[in-house]
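Residue numbers (my numbering), protein chains in the order written: chain A, 1 to 154; chain B, 1 to 154.
Bear in mind the hints are in silico, worked out from the structure with no lab data behind them.
Every residue gets a Cβ at the ideal spot worked out from N, C-alpha and C, and that includes glycine.
Heads up, a few of these hints could be off.
To be verified - Non-contacting residues of chain B with respect to chain A, defined by C-beta distances greater than 12 angstroms in every case (computed):
id	residue
1	GLU21
2	GLY22
3	ASP30
4	MET39
5	LEU42
6	ASP70
7	LYS72
8	GLY85
9	CYS106
10	ARG136
11	GLU148
Said to hold, decoys possible - Keeping only pairs whose Cα atoms sit at most 25 angstroms apart, straight-line, the calculated DSS-like set for lysine-lysine is:
id	chain 1	residue 1	chain 2	residue 2
12	B	LYS51	B	LYS66
13	A	LYS117	B	LYS138
14	A	LYS138	B	LYS61
15	A	LYS137	B	LYS102
16	A	LYS40	B	LYS102
17	B	LYS61	B	LYS51
18	A	LYS102	B	LYS51
19	A	LYS34	A	LYS72
20	A	LYS102	B	LYS102
2 protein chains.
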Amino acid sequence: MMVSTKGRYALTVMVDLARNEGGGYVSLSDIAEKEHLSMKYLESIISILNKGGMLMSLRGKNGGYKLARDPKDYNISEILLLTEGTLAPVNCIMQEGVQCEKAATCSTLPLWAGLDKAIEGYLSAITLEDIINGNRKKMLGDYCESCEPSETAE
Amino acid sequence: MMVSTKGRYALTVMVDLARNEGGGYVSLSDIAEKEHLSMKYLESIISILNKGGMLMSLRGKNGGYKLARDPKDYNISEILLLTEGTLAPVNCIMQEGVQCEKAATCSTLPLWAGLDKAIEGYLSAITLEDIINGNRKKMLGDYCESCEPSETAE
DNA sequence: ACAAATCCTACTCTGTTAGTAGGAATATGT
DNA sequence: ACATATTCCTACTAACAGAGTAGGATTTGT
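Throw the hints in and build the complete structure from the sequences for me.
What follows is the structure, encoded as structure tokens:
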């Protein structure tokens, strides 16, 4: 498993806030209660999102959080990258530039690099808006049984 | 990270054995030495591969392991699935049939399911033969800088 | 002043990862 | 027959990451 509860809950929070677009600030306790998640734990997660510039926050009574941008301007990759630190499927691919010393001769490296790109490519193509709109076709593609057949699959 | 050293080393072993196709049995110590990996640790990993029917083994002097099939008949997904147990990127997608009780109302589930399929799709399309042939085009696709542009990218 | 909220630091419990250790069973060459 | 090289099998351990908990300081609306 590559995405922990941290990233998953972060996405859940973002989706919740996206659904509230146009409304005011939403408090942590509201979200925690709605999603049946630990408020204290969510606090530490939302703090990462906030420091990463994903949210606007307001302290004090009636305070809370809201999205800093439009839902369509968040892709899922950036949300998960921020909270998880990395989405790399293996240790030997951590950051751009940093690589294993055996890289030059490693015959499996292209596989891992390709997998990394496949994951990154998938997640960066999907936005928060896609999720709140339930865009199954985009998310599930040819695997979606409730979608009509796509033209690319012929 | 989704693939641990277990799966990574397992793949390395399989690639090593694939390169030896047609030769006899290769001993664990040979592989461990060649790859600079702990022999004892490799032992526990190769045992999984063997029990999973991926290998043929021979005990005693001059014994060792070899592939049970042709390199082109192994896809990477099955090797990693066997050793890692699962390749699911999140906990809420574990096995076919088993699913989270919130599945029916969860708006992020299609995303995770789609990601899972993207990973599975990528890994099952690549074979051991692709790796030993260094088929960068198949592994890296449009991200491969040393490959000529593909027709699908236009 | 008070209550409701965000912010901040530190701690804990648990499971997984990445091995290590020791020996039993089995086949081969001499 | 015997030493040796190998696979097989069970058990153990140290370190780290994941998933929270705990307690309070700070800010703001009423």
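Hint-by-hint comparison with the structure:
no.	hint	verdict
1	GLU21	15 angstroms, holds
2	GLY22	18 angstroms, holds
3	ASP30	17 angstroms, holds
4	MET39	18 angstroms, holds
5	LEU42	15 angstroms, holds
6	ASP70	18 angstroms, holds
7	LYS72	15 angstroms, holds
8	GLY85	10 angstroms, violated
9	CYS106	9 angstroms, violated
10	ARG136	5 angstroms, violated
11	GLU148	16 angstroms, holds
12	LYS51(B) - LYS66(B)	13 angstroms, holds
13	LYS117(A) - LYS138(B)	13 angstroms, holds
14	LYS138(A) - LYS61(B)	56 angstroms, violated
15	LYS137(A) - LYS102(B)	21 angstroms, holds
16	LYS40(A) - LYS102(B)	22 angstroms, holds
17	LYS61(B) - LYS51(B)	21 angstroms, holds
18	LYS102(A) - LYS51(B)	30 angstroms, violated
19	LYS34(A) - LYS72(A)	23 angstroms, holds
20	LYS102(A) - LYS102(B)	44 angstroms, violated
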